[in-house]
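Using the hints provided, position chain B relative to the given structure of chain A.
There are 2 protein chains.
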Amino acid sequence: MVLRLNINDARFEDQFKALLSGKREVSEDVDQIVRDILERVRTEGDKAVLDYTARFDRLQAESMAELTVSAAEIDAALAKVPQATLDALQLAHDRIHAHHARQMPKDDRYTDPIGVELGSLWTAVEAVGIYVPGGTASYPSSVLMNAVPAKVAGVERIVMVVPSPDGVLNPLVLAAARIAGVTEIYRIGGAQAVAALAYGTQTIAPVAKIVGPGNAFVAAAKRRVFGTVGIDMIAGPSEVLILADSGNNADWLAADLLAQAEHDTAAQSILITDSEDLASQVEAAVEAQLKTLPREDVARASWQDYGAIILVDDLEAAMPLANRIAPEHLELAVADPEALLKKVRNAGAVFLGHYTPEAIGDYVGGSNHVLPTARSARFSSGLSVLEFVKRTSILKCNADNLRQLGPAAIALGESEGLSAHARSVSIRLNL
Amino acid sequence: MVLRLNINDARFEDQFKALLSGKREVSEDVDQIVRDILERVRTEGDKAVLDYTARFDRLQAESMAELTVSAAEIDAALAKVPQATLDALQLAHDRIHAHHARQMPKDDRYTDPIGVELGSLWTAVEAVGIYVPGGTASYPSSVLMNAVPAKVAGVERIVMVVPSPDGVLNPLVLAAARIAGVTEIYRIGGAQAVAALAYGTQTIAPVAKIVGPGNAFVAAAKRRVFGTVGIDMIAGPSEVLILADSGNNADWLAADLLAQAEHDTAAQSILITDSEDLASQVEAAVEAQLKTLPREDVARASWQDYGAIILVDDLEAAMPLANRIAPEHLELAVADPEALLKKVRNAGAVFLGHYTPEAIGDYVGGSNHVLPTARSARFSSGLSVLEFVKRTSILKCNADNLRQLGPAAIALGESEGLSAHARSVSIRLNL
Chain A
13 MVLRLNINDA
23 RFEDQFKALL
33 SGKREVSEDV
43 DQIVRDILER
53 VRTEGDKAVL
63 DYTARFDRLQ
73 AESMAELTVS
83 AAEIDAALAK
93 VPQATLDALQ
103 LAHDRIHAHH
113 ARQMPKDDRY
123 TDPIGVELGS
133 LWTAVEAVGI
143 YVPGGTASYP
153 SSVLMNAVPA
163 KVAGVERIVM
173 VVPSPDGVLN
183 PLVLAAARIA
193 GVTEIYRIGG
203 AQAVAALAYG
213 TQTIAPVAKI
223 VGPGNAFVAA
233 AKRRVFGTVG
243 IDMIAGPSEV
253 LILADSGNNA
263 DWLAADLLAQ
273 AEHDTAAQSI
283 LITDSEDLAS
293 QVEAAVEAQL
303 KTLPREDVAR
313 ASWQDYGAII
323 LVDDLEAAMP
333 LANRIAPEHL
343 ELAVADPEAL
353 LKKVRNAGAV
363 FLGHYTPEAI
373 GDYVGGSNHV
383 LPTARSARFS
393 SGLSVLEFVK
403 RTSILKCNAD
413 NLRQLGPAAI
423 ALGESEGLSA
433 HARSVSIRLN
443 L
Chain B
13 MVLRLNINDA
23 RFEDQFKALL
33 SGKREVSEDV
43 DQIVRDILER
53 VRTEGDKAVL
63 DYTARFDRLQ
73 AESMAELTVS
83 AAEIDAALAK
93 VPQATLDALQ
103 LAHDRIHAHH
113 ARQMPKDDRY
123 TDPIGVELGS
133 LWTAVEAVGI
143 YVPGGTASYP
153 SSVLMNAVPA
163 KVAGVERIVM
173 VVPSPDGVLN
183 PLVLAAARIA
193 GVTEIYRIGG
203 AQAVAALAYG
213 TQTIAPVAKI
223 VGPGNAFVAA
233 AKRRVFGTVG
243 IDMIAGPSEV
253 LILADSGNNA
263 DWLAADLLAQ
273 AEHDTAAQSI
283 LITDSEDLAS
293 QVEAAVEAQL
303 KTLPREDVAR
313 ASWQDYGAII
323 LVDDLEAAMP
333 LANRIAPEHL
343 ELAVADPEAL
353 LKKVRNAGAV
363 FLGHYTPEAI
373 GDYVGGSNHV
383 LPTARSARFS
393 SGLSVLEFVK
403 RTSILKCNAD
413 NLRQLGPAAI
423 ALGESEGLSA
433 HARSVSIRLN
443 L
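Taken in order, these protein sequences are the chains called A and B. First residue of the first sequence: 13, per our numbering; consecutive thereafter. First residue of the second sequence: 13, per our numbering; consecutive thereafter.
Chain A with its partners taken away, still in its complex shape (with noise of 0.2 Å):
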């Protein structure tokens, strides 16, 4: 049995409140251990990244050269490759590309009424880190979703890092950061990888930015050197919010929510319905479909203990609801999804209508599937193109300006107490 609430119960408010605060990551405190890591890695270089690498992936190795991957260690793993996977990630690629280039944003250089010249110019990162897990959750498509915009924002160095825990690495992986232009790539990990990024060693050098999903290392390591480089989110478990009318297939309902509970025991899929059939339909099909996944142990867990399935008189009505859960994947499965998309205020990613499984933005939709997750959507956005620029302000004055501006600027000065901020206006202007 599922987790039931129905908006027309007394107690809906708590328990809905319940469902929003509950945790469902069990935070690992590796604090400390990161903190050495890192250090030494800072201190040390190469040779603390070696011994890391050595204890941790139990992969020995001499010198930092033997874990650089080379471009005919990359051609060999993509003759390894099917072709028919190949062309999907070339299609992947080709799609993510074609979505983020409309992101890349416009300088702004404009004169305003009173002749001074103001602008915006947006610059690339010039150096960025991508992580990509070791294991079983080494995504080729998740490195697409990462390098493709870099490349497109016109970072000149990729550098990808992925453990290979026994000297193991995926091809596909390889085959990925081929595809989307990755510069260089090092088989090292955990917080002795993003320490490297952020330091530089004697091999590598340093990156001004590191990106990608990691474990709780990987994610104590990037709040550890967020200052000394950039990071993008800290993403937590994957979720679903799928609304869904009556009109609705509840095989392919339960299909989605079941693709996200296979991704990790804590993540959450959650059902708001006006049709108590259609509840009891996906409950239904949820349960034989499990019996059928490989990844069934997971995918089970995830579902009895973080799923959902919410009852509402009025999907309108309802959306309240979903901005309060500010999803990061939410599934518009009605007739008319556009105009519940109208009132869609906090989501990372909305998919409309029945023929939009959230999978498809996960590979080939265009759009990157690196979103915010455990409510963030209420205040940040999925990975783009702006993750890997930066803006200057400009700003010109001519003597004339500076004559009709500079009063204020010295009064506020003045007001503020920052006598040598007025000094540097008067002094120009004589006064």
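Keep in mind the hints are simulated off the structure, nothing from the lab. Each hint should be verified, as a subset may be incorrect.
As the list claims (entries may be wrong) - Computed cross-link-like contacts, DSS-like style, restricted to lysine-lysine with a CA-CA straight-line distance of at most 27 Å:
#1 A:LYS29 / B:LYS59
#2 B:LYS355 / A:LYS118
#3 B:LYS29 / B:LYS303
#4 A:LYS355 / B:LYS118
#5 B:LYS354 / B:LYS29
#6 A:LYS118 / B:LYS118
#7 B:LYS355 / A:LYS59
Just chain B, lined up with the frame of chain A:
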């Protein structure tokens, strides 16, 4: 004597690296104290806020109502501010508003060549908290710089917190809040104010994002609540880099260097010039002006400890140095600033020519004065409207689109071992 480097010196690269990596901030370890404050406010709400305010700000209040700034209190504050200062604030507001209005991103909804509908929709963050320091660093200009972009973005609730140690509140800060359209003001500060904004209390509804500068306690609290809410950057001490050719008035440049230095003993002012004569003139002018500066002690400490003059042969060839410094403020005090501007890669804001002292940008230029410090212009930007909006991705396939894209999504899902992802597509295609 201020530090002087010469690019032709054999030791230059080492000296420059030392200048770049020099720490200017002593990081106070207040994390444990802050953790306790956050936890108490989270669980006890108003009561904890009242207790901490009594203890840290020496301000006894029976209820949060007493700590809520009323419209009448703002009216009274406004009546105390000289009209010229109010006019200056209004001018600053209007220019900041006009500049930031150009930053508002546009929704992008389009249909791709195969008929898939995609898009990016921008919505405002619903509620934002603005932290304003108390005491001498309580700057009305900062209120404008933080609140106006939020207002332009369309944020409905703008909640200002400002501590009033011993009950003292700067009337200019209230005036700026009124002009900027702040919707709620509480006279609270420190980690307890950050906690109240992030978690909410009985009186204060929680916000989704917190911006604004503060002391070590505020910075540590912001780092800790990050994730529950969004935060802006953690700002470090202010900096200016001036690139100057021989055609400069040394007194003007000295005034600009000191305008930075007077902020904070940890502020940094650097001059790069191709003229040894100018270097010496500026150094002498700084010395002369220091003696007449009300904040002489602060500015002198900053200049002596962190100031520097770097001699180069050719300013254009020296641009890589400027980009490595990645200054918060960059003045191009040269005959042809546009030529140098083309080579700027990393800078928070650039001030062009001889008549654009940085202080104009602090107050009335129109661009934001909240800018990336401590070399973070390599990967981040100044505060803008973009920090108060978020983007939702839109994806809409019809049955035909799904038939075209589905097989690639299925192939990638299977290749990643995510069968339920693949099934959510195949089930719709009867595969």
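Results of checking the hints against the structure:
| no. | hint | result |
| --- | --- | --- |
| 1 | A:LYS29 / B:LYS59 | holds (22 Å) |
| 2 | B:LYS355 / A:LYS118 | holds (18 Å) |
| 3 | B:LYS29 / B:LYS303 | violated (31 Å) |
| 4 | A:LYS355 / B:LYS118 | holds (18 Å) |
| 5 | B:LYS354 / B:LYS29 | holds (24 Å) |
| 6 | A:LYS118 / B:LYS118 | holds (12 Å) |
| 7 | B:LYS355 / A:LYS59 | violated (36 Å) |
Going down the numbered hints, you'll see the structure goes against 3 and 7, while the others check out.
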